[in-house]
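This is what each chain is made of:
There are 2 protein chains.
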Amino acid sequence: MSILITGVAGFIGSNLAEKFLKQGKKVLGVDNLSRGKISNLSFILNDKNFIFSEINICNYEEFKNFITIQHSLEQVEEVWHMAANSDIPAGIANAEIDLNDTFLTTFNTLQLMKELRIPNIAFASSSAVYGNILDTKLFEDIGPLFPISNYGAMKLASEVAISASVESHLEKAFIFRFPNVIGVPATHGVILDFINKLNENPQLLNVLGDGTQQKTYLHVDELIDAMFYIRNYCSNRINYFNIGANDDGVTVKFIAEEVVKIISPNAKINYGIGNKGWVGDVPKFNYSVDKLLSIGWRPILNSHDSVKKAILQIFKEQK
Amino acid sequence: MSILITGVAGFIGSNLAEKFLKQGKKVLGVDNLSRGKISNLSFILNDKNFIFSEINICNYEEFKNFITIQHSLEQVEEVWHMAANSDIPAGIANAEIDLNDTFLTTFNTLQLMKELRIPNIAFASSSAVYGNILDTKLFEDIGPLFPISNYGAMKLASEVAISASVESHLEKAFIFRFPNVIGVPATHGVILDFINKLNENPQLLNVLGDGTQQKTYLHVDELIDAMFYIRNYCSNRINYFNIGANDDGVTVKFIAEEVVKIISPNAKINYGIGNKGWVGDVPKFNYSVDKLLSIGWRPILNSHDSVKKAILQIFKEQK
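Sequence order for the protein chains is R and X.
Residue numbers for the first sequence follow the working numbering, so the first one is -5 and each next one is one higher.
Residue numbers for the second sequence follow the working numbering, so the first one is -5 and each next one is one higher.
Treat the hints with care, since some could be wrong.
[Said to hold, decoys possible] Some chain R residues close to chain X (C-beta under 10 Å, calculated; not the full set):
| # | residue |
| --- | --- |
| 1 | G85 |
| 2 | A87 |
| 3 | I91 |
| 4 | L139 |
| 5 | S157 |
| 6 | G183 |
| 7 | L186 |
[As the list claims (entries may be wrong)] Calculated pairs, DSS-like style, for lysine-lysine (alpha carbon to alpha carbon, straight line, at most 30 Å):
| # | chain 1 | residue 1 | chain 2 | residue 2 |
| --- | --- | --- | --- | --- |
| 8 | R | K131 | X | K131 |
| 9 | X | K131 | R | K285 |
| 10 | X | K166 | R | K131 |
Source of the hints: derived by calculation from the structure; they are not laboratory data.
Predicted model only: the values in this text are computed from it and were never measured.
Cβ coordinates follow ideal geometry from the N, Cα and C atoms, glycine included.
Start from the sequences, fold in the hints, and give me the full structure.
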């Protein structure tokens, strides 16, 4: 039996593949390498339990042909569907990006699971499904959910396509609403962005917005630990959880200062105006992980520590 | 200024076009005539204020070319997006039906509105977004929403694509979660189904399920009245309402008996087993219209009366 990971060459997918392989699982990985990189798989490409194919799962026939052959050799027991657009502003400028990469990838994955009778899906959803709810703690069961980015909308659309599939052909679904996840290989996000800016100009760090935006951050190692915990602990047909650090998060200002401290201690930080970085960005996040805590999982690192760890890791990775 | 109605040759779309024309509005209507019928438009096809084109809005270029020309002649001020699959079981058998007809029609409509800067959308959503929630009254703000049919999933996906569009380019959105709507022209649904069965065999009416399924029904005239009320009364950027009768609904048994009474009084009714008609069917509905009542709208007919009125109308329509 093997695990299929979509988006395996991405940030989360590559870490996930590594963890599954360490557990002795066989892993089948696909990625179109549009945002994922083959170099993210360098540690595992030669592992005999890992099979990788460069496939665009938006192309259903190509996807189906490859998986059908592999499935006949070694049955796929579970799909970990991580493939998605990861560039939220790009998806706001052009809604087709999230339609194709965030939603139709899910739709095709579900179609394939139906055809091949693969029973279980684990899905990388997002805190972006909550949109811009400011006054309420973001529990999994609040409503209404009106995302403000196409990314959040297509993640939520994916969740509900999964729920309909559970009614018709899936056995179990695990829906993980990710917070901002950090670590290596760094593919996008505010830390990498700040480091890249300082690499270009070590004297000045221009920050979008006034720096008061506050979010929680979770290190990718903790994220995967939480996903495995949920996967093994929960047995409902639809299991949906916010995953995140158990704290109030850190501000953009904190991240900017920490990055400057490590990368370029003499740089001046120049803040913008307002607390929105771009259209569709959620300024402050009041994200509840009570449900996850209630089943016994605990994060080791808080947002502050995760940010610091990730800055050091990305700094080292770039050397 | 004109109103664009998608799915104009369908049940709701054709009634809506007629009401707008009666108000003196200019109406631009498109339909691919896959489920809609040109005969549904017979009352208005010669109206000088009505322009119809047979267009599949899944074909974005075709859709865009036609609307762009019309928009340059007479500005479209608002889109009433009614186009969707209306055959829930068909969409469960083949998820691509709801992907294309229920979701991608919305996606393309939003893309076009962005390109042509049309500010307002009114959208036919559905009570199917609530899935199979049994113990809770279905208020608009409950969560989580996990639909059990692809139809419900793609209606909810449409809602959230609209919410993201409100953040980026729309001015206002009106989201109407429809109950079971009945009346003429009858295109689908339990009443027409029963009448058709009795036309085939006047002695016997076979009913899927044990007849205890209970739902609310609203007559299409009331539905449109409610939509216009919300459209004129509400001014939030996203306005979302359950629309329905203010009662507990009627059972399938009641409908079967009423249809038999009018169509074929001597027919025997034969019930099935269980209270689910098909995979994805929601057995009982506890649908709240409190929010709609709170802004002052009142339905005139209850579910019983709406069902009786519709049976008579469909019976007459078939003669």
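| request: Please work out if X:K131 and R:K285 have their alpha carbons no farther apart than 30 Å. | output: holds, 23 Å
| said: Restraint: R:L186 near chain X, CB-CB cut 10 Å. Satisfied or not? | reply: violated, 25 Å
| query | Under the criterion of a CB-CB separation shorter than 10 Å, is R:S157 in contact with chain X as hinted? | reply | holds, 4 Å
| Minimum Cβ distance from R:L139 to chain X below 10 Å? | holds, 7 Å
| message | Next pair to validate is X:K166 with R:K131; report whether the Cα-Cα distance is within 30 Å. | response | holds, 26 Å
| Hint status (Cβ of R:I91 to nearest Cβ of chain X, threshold 10 Å) | The hint is violated - R:I91 has no Cβ within 10 Å of chain X, the shortest such distance being about 12 Å.
| request: Under 10 Å, Cβ to Cβ, is where R:G85 needs to be relative to chain X, so tell me if that hint holds or is violated. | output: holds, 9 Å
| Any CB of chain X closer than 10 Å to the CB of R:A87? | At 9 Å from the nearest chain X Cβ, R:A87 passes the 10 Å test, so the hint holds.
| said: Can you confirm whether the C-alpha distance between R:K131 and X:K131 stays at or below 30 Å? | reply: At roughly 22 Å apart (the allowed maximum being 30 Å), X:K131 and R:K131 satisfy the hint.
| said: Does the closest beta carbon of chain X sit nearer than 10 Å to the beta carbon of R:G183? | reply: With a closest approach of 20 Å, the R:G183 hint is violated.
Hint check: violations occur at hints 3, 6 and 7; the rest are consistent with the structure.
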